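Could you put together the complete structure from these sequences and hints?
Chains A and B, in that order, are what the protein sequence lines are. When we follow this note's numbering, the leftmost residue of the first sequence carries the number 1, and every step to the right adds one. When we follow this note's numbering, the leftmost residue of the second sequence carries the number 1001, and every step to the right adds one.
Please note: incorrect hints may appear among the correct ones.
[Stated by the list, open to error] Label pairs and their calculated CB-CB ranges:
| no. | chain 1 | residue 1 | chain 2 | residue 2 | range |
| --- | --- | --- | --- | --- | --- |
| 1 | B | 1147 | A | 29 | 49 to 55 Å |
| 2 | A | 45 | B | 1198 | 30 to 36 Å |
| 3 | B | 1319 | A | 45 | 50 to 56 Å |
| 4 | A | 45 | B | 1363 | 29 to 35 Å |
| 5 | B | 1099 | A | 29 | 23 to 29 Å |
| 6 | A | 25 | B | 1147 | 56 to 62 Å |
| 7 | A | 25 | B | 1449 | 35 to 41 Å |
| 8 | B | 1026 | A | 29 | 34 to 40 Å |
| 9 | B | 1529 | A | 25 | 43 to 49 Å |
| 10 | B | 1446 | A | 25 | 35 to 41 Å |
Hints in this document: simulated from the structure, not taken from any laboratory. Source: prediction; values computed, not measured. C-beta: ideal position from N, C-alpha, C; glycine also.
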Amino acid sequence: MMLDEEAIADTEAATRKTVEPEIERVPLFGTWPRAYVIVLGLFGAEVALLYAFTRFFS
Amino acid sequence: MNWIDYLVLLAALLAIPIYGIWKTRHSDSLGDYLKGDSNIRWATIGLSVMATQAGPITFLSMPGQAYENGIAFVQNYFGQPFALLVVCAVFIPIFHRMKVFTAYEYLGQRFDTKTRLLGAFLFLIQRGLAAGITIYAPAIIISALLGWRLSLTVCLAGGLVVVYTMLGGTRIVSLTQQYQMGVIFSGMAIAFAMAIYRLPDDLSIPQALAVAGKMGKLDAVDFSFDFSKRYTFWSGALGGFFLALAYFGADQSQVQRYLAGESATSSRFGLILNAVMKVPMQFAILLVGATVFLFYQFEKPPLVFNQPAAELAQERGYGTQLDHFEKAFEASFTAKKAGIGVLTRAMAGGDQGAIAAATAEVRRLDAEGQTIRADARKILVQADPNLKSKDSDYVFLTFVIRYLPHGVVGLLIAVIFSAALSATAATLNALASTTTVDFYRPLIRPAAPDAHYVFVSRILTAVWGLFAIGVALFANIVENLIEAGNILGSLFYGSLLGLFVVAFFLRHVRGSAVFAAAVISQVAVLVLFKTTSIGYLWYNVIGCAGVAFLSLVFQATIFRDGASPTPTATAPVTA
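Below you can see the structure in the form of structure tokens.
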């Protein structure tokens, strides 16, 4: 069961890291929350364009 | 097809795997074989994820879907960007930090071995069957239209993908997928341009699109809360969210693609590329189908696109009935073509009353033509009760074979096969990885050298490949190719996703409670599938919610003794 013990140790280490806020410089976006907001904004723009396309040709 | 088409087809299909085999000839460590040594760039990750999801059904069935029902199907992908962001924020940081080879390895560390094996088993059963559909789907259509033997087509396509995936592992899958996506994008762009080019000279592109719009084929977004409608913004965003979350978060064929990233940042960028590009990509593919629809408003389409089935019906004595429908369809088409002429002149004149009247008449004639085609298809089923594929699946390739020049035909056939190869390669790679890492290594031989596990992974790739080919050759495949994969996935994804949702968000729940909850939820979903007609996307929600709810109940009652928070519980990261 050596593998299980190693796995538990790894998981504990991962737990310690994941509960701490991650401070990371993200290329292009700055931070991950900002990246996610931008992606959602782009998705919103795509839906708006598709809706405009629908209305224009219907 | 002539020799130019065969040359293009063979070059496109063989050159990419041969190049991949040469580039990955030194993949001999387990990390390299299963995770590409975690040094694959974000753009490759993004294309690899896209190729794994697309598959041949996307390029075969979706243009036909647009031809028959318009482009509203694009809304089914509206949940995907949200799901991908959840995977980026919650799943990827944990998987990367724990350096897991498979998603189910995490379940073993968070819960226990039996829960890990259950997750891996649910994945294997679902993906193993789906791999068969991925090989079968292009083979049944292409072999019928080109007169090839179905079994030979299945064996050649399946054999090719087994050989190169076995040799190169994850690295060759990612490498070949990016070039195969290049073939796919260029082929679809050429098909779109050719369909536009073949429209009547006196019709501009905006006028042509306006005609398709008036006929209801360009309604992409519908915000109404009408539950009787098959595709709306809300059903796509909500139902599609759970399906996509399960697929990208808990399906090893996708997890393995983004775990090959050189860092968590690369993996996230790869998924973000998909979050941004998926909807435009599906829209473009559907638009190709809408353009083919437009083309067939001016050029008479066949009564049925599945010509081999029509010929069989003729041979079996249904020729008189088909001739009757053919005459009625031709008369309807001629009237509709004249009606479209009236509509375009009315639109040019700007008279709203005339436009409305002409639109109503064209729609009536279009519906009449569709009814005649539907009746003709019933004859085909009477002639061959085993007829399994939908006529709309033959629309796109019929257009390609009949109207596109030599060379382009070969390229478009290569597009379909490239999509099949790239999706199947990722699936076989994930099936072999999961069997090796989650079953063979912990249960059979725990401490062998890397070279041994690489050898076992290669053997298992071949075994799963043969299983998929067997499913493609012998299974009684379902009628609707476009939805077969999603239905199969939805039956198992809900419970699988539930395991991960509980792992991430219900920190006090432990292994036995979640295991029992997942088994019961899975059985319940299968019973519901057999006994009710609930829309398949709902099985994702039911399975996931069932696991979460029952695990809470079991943890608070039957398994209360072990209710303290696990030391290994991993909280989600939202950074």
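Quick rundown of the hints versus the structure:
1. B:1147 to A:29: 49 to 55 Å: This hint holds: roughly 52 Å between Cβ atoms.
2. A:45 to B:1198: 30 to 36 Å: holds (32 Å)
3. B:1319 to A:45: 50 to 56 Å: holds (54 Å)
4. A:45 to B:1363: 29 to 35 Å: holds (31 Å)
5. B:1099 to A:29: 23 to 29 Å: Since residue 1099 of chain B and residue 29 of chain A have Cβ atoms about 25 Å apart, the given range 23 to 29 Å holds.
6. A:25 to B:1147: 56 to 62 Å: holds (58 Å)
7. A:25 to B:1449: 35 to 41 Å: holds (39 Å)
8. B:1026 to A:29: 34 to 40 Å: holds (35 Å)
9. B:1529 to A:25: 43 to 49 Å: The hint (43 to 49 Å, Cβ to Cβ) holds, given that residue 1529 of chain B and residue 25 of chain A are roughly 47 Å apart.
10. B:1446 to A:25: 35 to 41 Å: holds (40 Å)
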